[in-house]
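Colleague: Hey, can you work out the whole structure from these sequences and the hints?
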Amino acid sequence: MSSVGEELVERGLDFIRKLDEYAGLRRRLVLVKHEVTTNPAYGKVPSERTLNEKLRLGIINLDKPPGPTSHEVVAWIKKMLGLTKAGHGGTLVPR
Amino acid sequence: MLSTKEYVAVMQLHGHVGEEQLKEVIKSFVGRIYQKPPVRSSVKRALRIKEIYNIEILEIQYPFVLMRIECEHGTYVRKLIHDIGDVLGVGAHMRELRRTRTGPFKEDETLVTMHELSEAAYMWKQMNDDKPLSDIILPVEFGVSHIPKVIVMDGAVSAITHGADLAVPGIAMLHEGIKPGDSVGIFTLKGELVATGIAKMSTEQIIQSTKGIAVKTKRVIMRKDTYPRLWGRRKSQ
Chain R
1 MSSVGEELVE RGLDFIRKLD EYAGLRRRLV LVKHEVTTNP AYGKVPSERT LNEKLRLGII
61 NLDKPPGPTS HEVVAWIKKM LGLTKAGHGG TLVPR
Chain F
1001 MLSTKEYVAV MQLHGHVGEE QLKEVIKSFV GRIYQKPPVR SSVKRALRIK EIYNIEILEI
1061 QYPFVLMRIE CEHGTYVRKL IHDIGDVLGV GAHMRELRRT RTGPFKEDET LVTMHELSEA
1121 AYMWKQMNDD KPLSDIILPV EFGVSHIPKV IVMDGAVSAI THGADLAVPG IAMLHEGIKP
1181 GDSVGIFTLK GELVATGIAK MSTEQIIQST KGIAVKTKRV IMRKDTYPRL WGRRKSQ
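Protein chains in written order, with this note's numbering: chain R, 1 to 95; chain F, 1001 to 1237.
Bear in mind the hints are in silico, worked out from the structure with no lab data behind them. Source: prediction; values computed, not measured. From the three backbone atoms N, C-alpha and C, an ideal C-beta is built for every residue, glycine too. If a hint is listed, it holds; no wrong ones were tucked in.
What follows is a set of in silico ranges between Cβ atoms, one per label pair, in the way DEER data are often shown:
{"#": "1", "chain 1": "R", "residue 1": "14", "chain 2": "F", "residue 2": "1038", "range": "44 to 54 Å"}
{"#": "2", "chain 1": "R", "residue 1": "17", "chain 2": "F", "residue 2": "1034", "range": "39 to 49 Å"}
{"#": "3", "chain 1": "F", "residue 1": "1179", "chain 2": "R", "residue 2": "68", "range": "38 to 48 Å"}
{"#": "4", "chain 1": "F", "residue 1": "1045", "chain 2": "R", "residue 2": "6", "range": "50 to 60 Å"}
{"#": "5", "chain 1": "R", "residue 1": "25", "chain 2": "F", "residue 2": "1223", "range": "23 to 33 Å"}
{"#": "6", "chain 1": "F", "residue 1": "1057", "chain 2": "R", "residue 2": "31", "range": "41 to 51 Å"}
{"#": "7", "chain 1": "F", "residue 1": "1228", "chain 2": "R", "residue 2": "35", "range": "15 to 25 Å"}
{"#": "8", "chain 1": "F", "residue 1": "1045", "chain 2": "R", "residue 2": "10", "range": "45 to 55 Å"}
{"#": "9", "chain 1": "F", "residue 1": "1204", "chain 2": "R", "residue 2": "17", "range": "16 to 26 Å"}
{"#": "10", "chain 1": "F", "residue 1": "1223", "chain 2": "R", "residue 2": "82", "range": "17 to 27 Å"}
Calculated cross-link-like contacts (lysine-lysine; reagent style DSS-like; alpha-carbon spacing at most 30 Å):
{"#": "11", "chain 1": "R", "residue 1": "18", "chain 2": "F", "residue 2": "1224"}
{"#": "12", "chain 1": "F", "residue 1": "1224", "chain 2": "R", "residue 2": "78"}
{"#": "13", "chain 1": "R", "residue 1": "18", "chain 2": "F", "residue 2": "1200"}
{"#": "14", "chain 1": "R", "residue 1": "85", "chain 2": "F", "residue 2": "1125"}
{"#": "15", "chain 1": "R", "residue 1": "64", "chain 2": "F", "residue 2": "1036"}
{"#": "16", "chain 1": "R", "residue 1": "18", "chain 2": "F", "residue 2": "1106"}
{"#": "17", "chain 1": "R", "residue 1": "44", "chain 2": "F", "residue 2": "1125"}
{"#": "18", "chain 1": "F", "residue 1": "1218", "chain 2": "R", "residue 2": "44"}
{"#": "19", "chain 1": "R", "residue 1": "44", "chain 2": "F", "residue 2": "1106"}
{"#": "20", "chain 1": "F", "residue 1": "1218", "chain 2": "R", "residue 2": "33"}
{"#": "21", "chain 1": "R", "residue 1": "64", "chain 2": "F", "residue 2": "1131"}
{"#": "22", "chain 1": "R", "residue 1": "79", "chain 2": "F", "residue 2": "1125"}
{"#": "23", "chain 1": "F", "residue 1": "1027", "chain 2": "F", "residue 2": "1106"}
{"#": "24", "chain 1": "F", "residue 1": "1106", "chain 2": "R", "residue 2": "78"}
{"#": "25", "chain 1": "F", "residue 1": "1179", "chain 2": "R", "residue 2": "18"}
{"#": "26", "chain 1": "F", "residue 1": "1224", "chain 2": "R", "residue 2": "79"}
{"#": "27", "chain 1": "F", "residue 1": "1131", "chain 2": "R", "residue 2": "78"}
{"#": "28", "chain 1": "R", "residue 1": "78", "chain 2": "F", "residue 2": "1125"}
{"#": "29", "chain 1": "F", "residue 1": "1224", "chain 2": "R", "residue 2": "44"}
{"#": "30", "chain 1": "R", "residue 1": "33", "chain 2": "F", "residue 2": "1200"}
{"#": "31", "chain 1": "R", "residue 1": "64", "chain 2": "F", "residue 2": "1079"}
{"#": "32", "chain 1": "R", "residue 1": "79", "chain 2": "F", "residue 2": "1106"}
{"#": "33", "chain 1": "F", "residue 1": "1211", "chain 2": "R", "residue 2": "44"}
{"#": "34", "chain 1": "F", "residue 1": "1218", "chain 2": "R", "residue 2": "85"}
{"#": "35", "chain 1": "R", "residue 1": "78", "chain 2": "F", "residue 2": "1218"}
{"#": "36", "chain 1": "F", "residue 1": "1106", "chain 2": "R", "residue 2": "64"}
{"#": "37", "chain 1": "R", "residue 1": "64", "chain 2": "F", "residue 2": "1050"}
{"#": "38", "chain 1": "R", "residue 1": "44", "chain 2": "F", "residue 2": "1216"}
{"#": "39", "chain 1": "R", "residue 1": "44", "chain 2": "F", "residue 2": "1200"}
{"#": "40", "chain 1": "F", "residue 1": "1131", "chain 2": "R", "residue 2": "18"}
Modeller: Right under this line is the structure:
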């Protein structure tokens, strides 16, 4: 019989396997505890985050247009999405 | 992000070379190379060693050579191509460059243009439809999808968000093949990223131990109050 907590763990592990698949990471996950469960009262599986939660902490894989600097592009996006904090992972051609 | 990069570049040759010689010289640049950052760079101009993991010639149409280059973060592709031209004897320069991958992020269905992003923002703001924008934004966990993962019990989470290192008893599951010194992602059983850290023990050592510091916490991502503090040795319910 699967409890709520164990079912939640299944969903969490599914999400982690999706991350591995996205990155092409082909490694097995090894279980080191006999029973694993998680309390549904706090936290949530990342794939179920609301838009607002994703806007607080999320990533956009952006095909940056040539021309404007990364800094300028980030400023546009902050304005577009109403964000106060945003950064970038680097551009091809620094100013 | 200090991760592997992949580029597609166009090299323009300044003179004629045979295809065999071209392939041989390019192949010789795969492996460790010396590089000195150019004058117009923001880093210290000391001689550095960078690793080129692979160069694949996609197309040759004299004087242009289209190549895919996989290399270590911090490699100057422009300088690499210049040096290839020098070794060939005729000289060459980089005509065009596109970065096609940085760490786990590549040109796939998650890649969006500014146009697509602004359309999704419009749908959200003006049409009350937040699905397009929600589909575009990836959970932060994708940023560390390419590194091995250590999954912890609920009771260990709070301490880690307060900066504590991760001890063996707090670990529920982990990837095989982790070695001391590896960057790892610390996750909850729900799949949330708690923090990134440096492994102090290997997967085998962690499996065989009952105590000790397994991961040194480097950068906390999760908010402190997400999981409650659980005092003492209690089974997480």
